[in-house]
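Residues per chain, in single letters:
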Amino acid sequence: MLTYIIRRLFILPLILIGVTMLVFAMLSMLTPYERASLYVSDIPKRQGAIEDIVKKYGLDDPIHIQYWRWMVGQKDEVTGEIDGGILRGDMGFSTVGHMPVAEVIKHRLPATAELALLSAIPLIGLSVWMGIKSAVHHNKLPDQILRVLAIIGWSVPTFVLGLLLLMFFYAKLDWFPPERLSLWASQIVQSGEFTRYTQMNTIDSLLNLRFDIFLDALRHLVLPVITLSIISWAFLLRVTRSSMLDTLRQDYMTTARAKGLNERRVIKGHAVPNALIPVITVGGMTLIGLFNGVVITETIFNYPGLGKFMAASAAMLDVVSVLGMTLFSSFVLVFGNLIVDVLYGIVDPRIRLD
Amino acid sequence: MRSKLLFAFSLLIVASMVLSACAPASTPVADDAEAPAAEETVAEEAPAAEEPAEEASAPALDMKNPDTYVFVTFGEPQTLDPAWTYETTGAAQQNNIYEGMVWFNREDTGSFVPVLSTGWEINETGDIWTFDIREGVTFHEGGTLEPHDVAYSVQRALLQDRLDGPHWMTLEAFFGLYSVEDLAIGDSEKEFSDLSDAELVAACEKVKSAVVADDEAGTVTYNLATATPWFLAMLTNNFLAATYDMEWMVEQGAWDGSCDNWVQWHDPEQENTVLFNVANGTGPYILDHWTPGEEIALVANENYWRAEGDPIWEGGPSGIASIKNVVWKIVDEWGTRQAMFEAGDADFIAVPSQYRPQLEPDYGVICDEAGNCEDASDGYIQAWTDLPSLAMTPAQFNQSINVEGGNPFAGSGELDGNGIPAEFFRDVHIRRAFSYCFDYEAMISDALNGEGIQSQGPIIAGMLGYREGEDPIYSYDPAKCEEEFKLADSDVWETGFYLQIAYNTGNDTRRLSSEILKAGLEAVNPNFSVQVVGMPFAVLLNARRAGKLPIYVGGWLEDFHDPHNWAHPFLHSQGAYGRVVNMEEGLAAEFDALVEEGAALTDTEERRAVYEEIQLKAQEDAPMIWLYQPVGRRHFQHWIKDYYYNPAYPNAAYSYIYALSKGE
Chain A
1 MLTYIIRRLF
11 ILPLILIGVT
21 MLVFAMLSML
31 TPYERASLYV
41 SDIPKRQGAI
51 EDIVKKYGLD
61 DPIHIQYWRW
71 MVGQKDEVTG
81 EIDGGILRGD
91 MGFSTVGHMP
101 VAEVIKHRLP
111 ATAELALLSA
121 IPLIGLSVWM
131 GIKSAVHHNK
141 LPDQILRVLA
151 IIGWSVPTFV
161 LGLLLLMFFY
171 AKLDWFPPER
181 LSLWASQIVQ
191 SGEFTRYTQM
201 NTIDSLLNLR
211 FDIFLDALRH
221 LVLPVITLSI
231 ISWAFLLRVT
241 RSSMLDTLRQ
251 DYMTTARAKG
261 LNERRVIKGH
271 AVPNALIPVI
281 TVGGMTLIGL
291 FNGVVITETI
301 FNYPGLGKFM
311 AASAAMLDVV
321 SVLGMTLFSS
331 FVLVFGNLIV
341 DVLYGIVDPR
351 IRLD
Chain B
1001 MRSKLLFAFS
1011 LLIVASMVLS
1021 ACAPASTPVA
1031 DDAEAPAAEE
1041 TVAEEAPAAE
1051 EPAEEASAPA
1061 LDMKNPDTYV
1071 FVTFGEPQTL
1081 DPAWTYETTG
1091 AAQQNNIYEG
1101 MVWFNREDTG
1111 SFVPVLSTGW
1121 EINETGDIWT
1131 FDIREGVTFH
1141 EGGTLEPHDV
1151 AYSVQRALLQ
1161 DRLDGPHWMT
1171 LEAFFGLYSV
1181 EDLAIGDSEK
1191 EFSDLSDAEL
1201 VAACEKVKSA
1211 VVADDEAGTV
1221 TYNLATATPW
1231 FLAMLTNNFL
1241 AATYDMEWMV
1251 EQGAWDGSCD
1261 NWVQWHDPEQ
1271 ENTVLFNVAN
1281 GTGPYILDHW
1291 TPGEEIALVA
1301 NENYWRAEGD
1311 PIWEGGPSGI
1321 ASIKNVVWKI
1331 VDEWGTRQAM
1341 FEAGDADFIA
1351 VPSQYRPQLE
1361 PDYGVICDEA
1371 GNCEDASDGY
1381 IQAWTDLPSL
1391 AMTPAQFNQS
1401 INVEGGNPFA
1411 GSGELDGNGI
1421 PAEFFRDVHI
1431 RRAFSYCFDY
1441 EAMISDALNG
1451 EGIQSQGPII
1461 AGMLGYREGE
1471 DPIYSYDPAK
1481 CEEEFKLADS
1491 DVWETGFYLQ
1501 IAYNTGNDTR
1511 RLSSEILKAG
1521 LEAVNPNFSV
1531 QVVGMPFAVL
1541 LNARRAGKLP
1551 IYVGGWLEDF
1561 HDPHNWAHPF
1571 LHSQGAYGRV
1581 VNMEEGLAAE
1591 FDALVEEGAA
1601 LTDTEERRAV
1611 YEEIQLKAQE
1621 DAPMIWLYQP
1631 VGRRHFQHWI
1641 KDYYYNPAYP
1651 NAAYSYIYAL
1661 SKGE
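Chains A and B, in that order, are what the protein sequence lines are.
If you're matching positions, the first sequence starts at 1 in our numbering and goes up one per residue.
If you're matching positions, the second sequence starts at 1001 in our numbering and goes up one per residue.
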């Protein structure tokens, strides 16, 4: 197992470099003048502005030179210092995020992580439990009800659900507002009297013993958590149900029953552990997806996370941000996949990762 | 059977949810899907009035956050450095933080009141302006204003200059050039990067001699290249006007005032100036924080220099700002902004034109441009309507299209029924024919929801040079369109043509303008074929730069309030648009002469005559189809008081919060 983990960790940088090369190659399909449009808001008013921008940023240099410059940085002609360079830990300045890309990720990741973690609890817990119940009561009333709910949850578009929830529970009832905090709470959090330990409002408010802010943060999380959870919940429920049904039909289940085990032990001891193996894969990847940010949910609820940032970067053709976020997403995906694989081996001893 | 029933039932539920979500709002949202988006740059500007909400009937909402002005919109500044800024979002923030020599006299765009000056003198030739600097003014960080701070601020701005920045117009005023690099290069044939230290120092010295401070006399003198009647209007722009504390700036690592090393601070990236995300002005508000992607917060300057009872204009605000906190919230999604407005968490929201009908049933009070307000219902919204914006959109003909190597926008590149030749639009009759084939009324009523004014040339309504009381020459007239086509030098009427009109995807107003023109042309002659093509802005920009677009629908948002800022960009051969429409040489020379004549005059009536002549000629020679000037609305909660509409503010609902207050 350890060898496997180390081997995967060694491969990680190679995968990341491969991803960056791929994305960079795709960007080369845009002309230098198209990429220069990032630096202007409309048709430039000064003659030659676009040409000067292309020249200034070297956008017409050969792609391999641009790639190398992005990887190792370049010398500033005036100050003589080296600017940028992924290998120096500098992913460049995000025009959309108004700060270095690494800072943007550091600044926004806690918000996304808080949302993802809080979504994961109902998401994984409920969906697995309901999926098992549904399979155990196959074609009975609980199964039918859960299947209907899963179809509804799976079918309603996120933006429709999010907007409906927002209009009813916020605009009409004023119960669950969007964003991360109310104005009053935000002013306290921004002030010097509140210490930001993790940048996650729920945790920081507890650590600061500000239960009023904790409750306010929870109020703001209710709708995005519901919106975010519901589709993944429906999907995971269906995966769990399907996996559980397959498992219940296996011969070893019949054997277990033949040995005289009661149904409860058959289900808990033999069916569930085996049925959860594909659920771990799907659930793990779903959770990784949440950590990369969820564009629609974050946009509707004006939730300042990574998803909203990624969408804005792509829309604005912010090449630096797109590349930085691609790197980050690749890292999360590869690393998360590694964790899932390891868990896989732990849950199912039949799978030997070495 | 039961499972099938349940399945059918579930489908029914899903279908009903989706249908109800897609159904129109309970409000009369006529033609919502067809309604166009206004030009983004002018989508949300504001109007003016006097104590409107007091006349409103009982509103539905109670005031939240009584000390805070919550402004909910999309977009955020590129930087907070005034000298770098050339967009309205950043400029709007800076208007509350920084001050300059003068500011608008309330809603009057042509009259100015002293702010950091106490008065000014102009020499006889109109090219030397001397301002008396106010005493007793302090910066947010504690420094005291002195004349050298003013001169330093302007010199830094000019030397900093940047690609695609605003200083093409300030440098034009001071030196008759469009960049500080051109100033340094002078008559030399060198590249800027090849200039010697002595040449660079000389350029800096020229800039320093253009703005001279006298700390003892308490004055600052601006030495301009020529008479500049619009100089006060230009001085309301923070890229030229914002005043910094020189000593504080140097401490932060900004240019130190020496000519030996100014290039180090020239043409910086937005994040590489010391004022990128900090501020230290003299204005009524202090920057509290800017959290990118989320919000910008300001707090009232409790040490503001303006004394109680010393209003900026007659009856205007004085002393410490009435509203203690300001929050500019960045909310990109319309539905979320609307929900925040309905919940009372937003005092103002940006409303794209296609969503305006959704709010109309909740209009409690409706005010016009002059501030005359009427009760409308018991709704919670204070709406300001019919607000002309300082923007105008024409369809620009390219009189020398680049057809080399093939150009899909021009089809075959020949007048053979499948394309147009390079100089197709050099024929004035063809340009006039296009102008007659455009349905202006349809554009305004359908695409702009009736909220627009048909333009009569480059100069917008209400401005010096606008031909008051005169209708535009062109209206939708297929007969005249046909007549003009038949007068053309070519046999275009018999042969027909094909061309493409491109617009940037997402800009519905540009799309609709193009489609209206297409419909008009194709209706008048079946041999005419126009294809409207949507493409990403980057691709459009590239095609435009290459001179390949036969027609480009693009607007102008003014930089300073003077007809020169309208005539020059569109009609002068060196103007932002004038230089890329490739006007025929003789016509270009005629327009150049007129535009320069208007700029050189100082007498208002003489200028009016010249600009009216320009306006008329711009219609007769039709270098562009003069389409429309948008009219906007602003939406506030009923508890916002003392609002007025000044269209020249970078953001008319945010640029001078000092004048606003909140109250039930």
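Mixed in with the good hints, there may be bad ones.
Here are the simulated lysine-lysine pairs, DSS-like style, with alpha carbons at most 27 Å apart [said to hold, decoys possible]:
(1) 133/A to 268/A
(2) 1662/B to 172/A
(3) 75/A to 1190/B
(4) 1190/B to 1208/B
(5) 56/A to 1206/B
(6) 55/A to 1190/B
(7) 172/A to 1617/B
(8) 1518/B to 1480/B
(9) 140/A to 172/A
(10) 1486/B to 1518/B
(11) 56/A to 133/A
(12) 1518/B to 1662/B
(13) 1617/B to 1064/B
(14) 1617/B to 1480/B
(15) 56/A to 1190/B
(16) 1064/B to 1324/B
(17) 1190/B to 1206/B
(18) 1662/B to 1324/B
FYI, nobody ran anything at the bench for these hints, they're computed from the structure.
Quiz prompt | 27 Å limit on alpha-carbon distance, applied to hinted pair residue 1518/B and residue 1662/B | solution = Violated. Residue 1518/B to residue 1662/B sits at ~49 Å, over the 27 Å cutoff.
Exercise. Compare the distance between the alpha carbons of residue 1617/B and residue 1064/B with 27 Å, and conclude whether the hinted pair is satisfied.
Key: It is violated: about 54 Å lies between the C-alpha atoms, which goes past 27 Å.
Quiz item: Are the Cα atoms of residue 1190/B and residue 1206/B separated by 27 Å or less?
Solution: Status holds; Cα separation ~19 Å.
Quiz item: Hey, residue 140/A versus residue 172/A, does the alpha-carbon distance stay inside 27 Å?
Solution: Measuring from Cα to Cα gives roughly 38 Å; hence the hint is violated.
Practice problem: Sort out whether residue 1190/B lies within 27 Å of residue 56/A, counting only the CA atoms. | Solution: It holds: about 17 Å lies between the C-alpha atoms, which stays within 27 Å.
Self-check item: Straight-line alpha-carbon gap residue 1662/B to residue 1324/B, limit 27 Å
Solution: Holds. Residue 1662/B to residue 1324/B sits at ~10 Å (cutoff 27 Å).
Quiz item: Is the straight-line distance between the alpha-carbon of residue 172/A and that of residue 1617/B 27 Å or less?
Solution: 56 Å, violated
Self-check item: 27 Å Cα cutoff - pair residue 1064/B, residue 1324/B
Solution: Roughly 14 Å separates the two Cα atoms, so the pair holds.
Self-check item: Satisfaction of hint between residue 1206/B and residue 56/A, Cα-Cα up to 27 Å
Solution: Satisfied, since the Cα-Cα distance of roughly 26 Å is no more than 27 Å.
Quiz item: Given the proposed pairing of residue 1662/B with residue 172/A, does the C-alpha separation stay at or below 27 Å?
Solution: The hint holds at about 23 Å.
Exercise. Verify the proposed pairing of residue 75/A with residue 1190/B, using a straight-line Cα cut of 27 Å.
Key: 23 Å, holds
Practice problem: For the pair we were handed, residue 1518/B and residue 1480/B, check the Cα-Cα distance against 27 Å. | Solution: Answer holds: residue 1518/B to residue 1480/B is near 17 Å, not above 27 Å.
The structure shown violates the earlier hints numbered 7, 9, 11, 12, 13.
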